[in-house]
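Q: Residue numbers (the numbering used here), protein chains in the order written: chain A, 1 to 113; chain B, 1 to 113; chain C, 1 to 113; chain D, 1 to 113.
Calculated directly from the structure, the hints in this document are not laboratory data.
There may be inaccurate statements among the hints.
Where chains are identical, the list cannot tell them apart; a pair therefore holds if satisfied intra-copy or between any two copies.
[As the list claims (entries may be wrong)] Computed cross-link-like contacts, SDA-like style, restricted to lysine to any residue with a CA-CA straight-line distance of at most 25 Å:
{"id": "1", "residue 1": "Lys-59", "residue 2": "Pro-40"}
{"id": "2", "residue 1": "Lys-45", "residue 2": "Ser-6"}
{"id": "3", "residue 1": "Lys-59", "residue 2": "Ser-6"}
{"id": "4", "residue 1": "Lys-28", "residue 2": "Glu-7"}
{"id": "5", "residue 1": "Lys-45", "residue 2": "Gly-24"}
{"id": "6", "residue 1": "Lys-45", "residue 2": "His-68"}
{"id": "7", "residue 1": "Lys-59", "residue 2": "Met-99"}
{"id": "8", "residue 1": "Lys-59", "residue 2": "Glu-10"}
{"id": "9", "residue 1": "Lys-59", "residue 2": "Val-11"}
{"id": "10", "residue 1": "Lys-45", "residue 2": "Thr-2"}
{"id": "11", "residue 1": "Lys-45", "residue 2": "Tyr-84"}
{"id": "12", "residue 1": "Lys-28", "residue 2": "Gly-4"}
{"id": "13", "residue 1": "Lys-59", "residue 2": "Asp-85"}
{"id": "14", "residue 1": "Lys-59", "residue 2": "Arg-29"}
{"id": "15", "residue 1": "Lys-28", "residue 2": "Arg-97"}
Everything numeric in this text was worked out from a predicted model, so none of it was measured.
4 protein chains.
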Amino acid sequence: MTPGASELAEVLAALETVLRARRGADPKRSYTAGLYAAGPDAILKKIGEEAAEVLLAAKNPDRAQLVHELADLWFHTLVLMAAYDVPLSALGAELARRMGRSGLDEKAARGQA
Amino acid sequence: MTPGASELAEVLAALETVLRARRGADPKRSYTAGLYAAGPDAILKKIGEEAAEVLLAAKNPDRAQLVHELADLWFHTLVLMAAYDVPLSALGAELARRMGRSGLDEKAARGQA
Amino acid sequence: MTPGASELAEVLAALETVLRARRGADPKRSYTAGLYAAGPDAILKKIGEEAAEVLLAAKNPDRAQLVHELADLWFHTLVLMAAYDVPLSALGAELARRMGRSGLDEKAARGQA
Amino acid sequence: MTPGASELAEVLAALETVLRARRGADPKRSYTAGLYAAGPDAILKKIGEEAAEVLLAAKNPDRAQLVHELADLWFHTLVLMAAYDVPLSALGAELARRMGRSGLDEKAARGQA
């Protein structure tokens, strides 16, 4: 694994662990626990919101802000995955499925139809 | 570290390499090269679209479809990152910044304001 | 009614009538009938897509394109309303509820919480 | 013409007048004036957010909530139109352009490409 991938693996693993632990936590003490307590729609609203913010940030010149919004979007999809018991391995397997030269584009193109 | 996180990080790193290579490729031969050729707005539209599909899939009972849509969303954010020269390591660093017990929620809460 | 409002009333009324009639039409002969046949998620995906296109168009200099995307967004919400049997009068009543100096902002602010 | 369409068009016209007047108002005294002061991105974020809420509401059984979210979405597109000096009549004209049996679907289909 490249050093970059290894660092990313560590933060994704840590986030998965922390987020799953937050599911039962006191909603008053933590933003994430508050989202879990509010229910899936609250998490999904945040995903819609963060996606909109990625679009806007990408149209603005501040690249640090774009990274910030992309991290917010990934973060809230990880919150959703914890809420729905979707493991990181399922996302990895699905992305791996569409890897490989032809595979990558074939799958993506089919999703386009 | 969970094997799932390593596997996911590795496929993300591999996708980063492939997607960056596609930026100069013939748009007729590849879905992703076509997106790059169409310009940032085409990529951003896909992100908006895939975010909407994540919301809908999360409200439907088919969990495999949800994983599929989450992978589509992550895939198109990777396409955007390649287009804008945002390395995966920048996103990893940003996610790491908001990790840690209090850090996680503090940052997220600030993003809420 | 001002001439502008009267023209708008006519087109909204005509759209409501046409869209409701399309609900049972042959999906192969009409885009809208195709959406109804594909089911609510197909309509909702279009709303997500068109909202993203409004955001992008608003960040671009072409104002005619923005009007085009706004019309697409309204159009697909009207398709949704026909699909769900929500009459124009319900939308008018809800918007009227939040009219008036204080009413306007009070309602909107509450939606913000 | 249905009474619903007239009522809706009238409230849209009244909102247009009120919203245009709010553009120069004290941002502390009014939610809408606050949005104008915060700039176009703040309005666009709200459109992204409200579109997501329409999707979620449409997937939930509460129809009154759907009407509420649709009104929120239309309201914020009116705020955007006031901010960008897009008159309601321009949107009416654009919607009228795609009316008529074939016109309706032809235009929509082209927007699909």
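Q: Compare the structure with each hint and give your call.
A: Hint check results:
no.	hint	verdict
1	Lys-59 x Pro-40	between (29 Å within a copy, 9 Å between copies)
2	Lys-45 x Ser-6	neither (30 Å within a copy, 29 Å between copies)
3	Lys-59 x Ser-6	neither (29 Å within a copy, 32 Å between copies)
4	Lys-28 x Glu-7	neither (31 Å within a copy, 34 Å between copies)
5	Lys-45 x Gly-24	within (21 Å within a copy, 30 Å between copies)
6	Lys-45 x His-68	both (18 Å within a copy, 15 Å between copies)
7	Lys-59 x Met-99	neither (28 Å within a copy, 27 Å between copies)
8	Lys-59 x Glu-10	neither (30 Å within a copy, 29 Å between copies)
9	Lys-59 x Val-11	neither (27 Å within a copy, 28 Å between copies)
10	Lys-45 x Thr-2	neither (33 Å within a copy, 29 Å between copies)
11	Lys-45 x Tyr-84	both (15 Å within a copy, 21 Å between copies)
12	Lys-28 x Gly-4	neither (35 Å within a copy, 30 Å between copies)
13	Lys-59 x Asp-85	between (34 Å within a copy, 14 Å between copies)
14	Lys-59 x Arg-29	neither (35 Å within a copy, 27 Å between copies)
15	Lys-28 x Arg-97	between (40 Å within a copy, 22 Å between copies)
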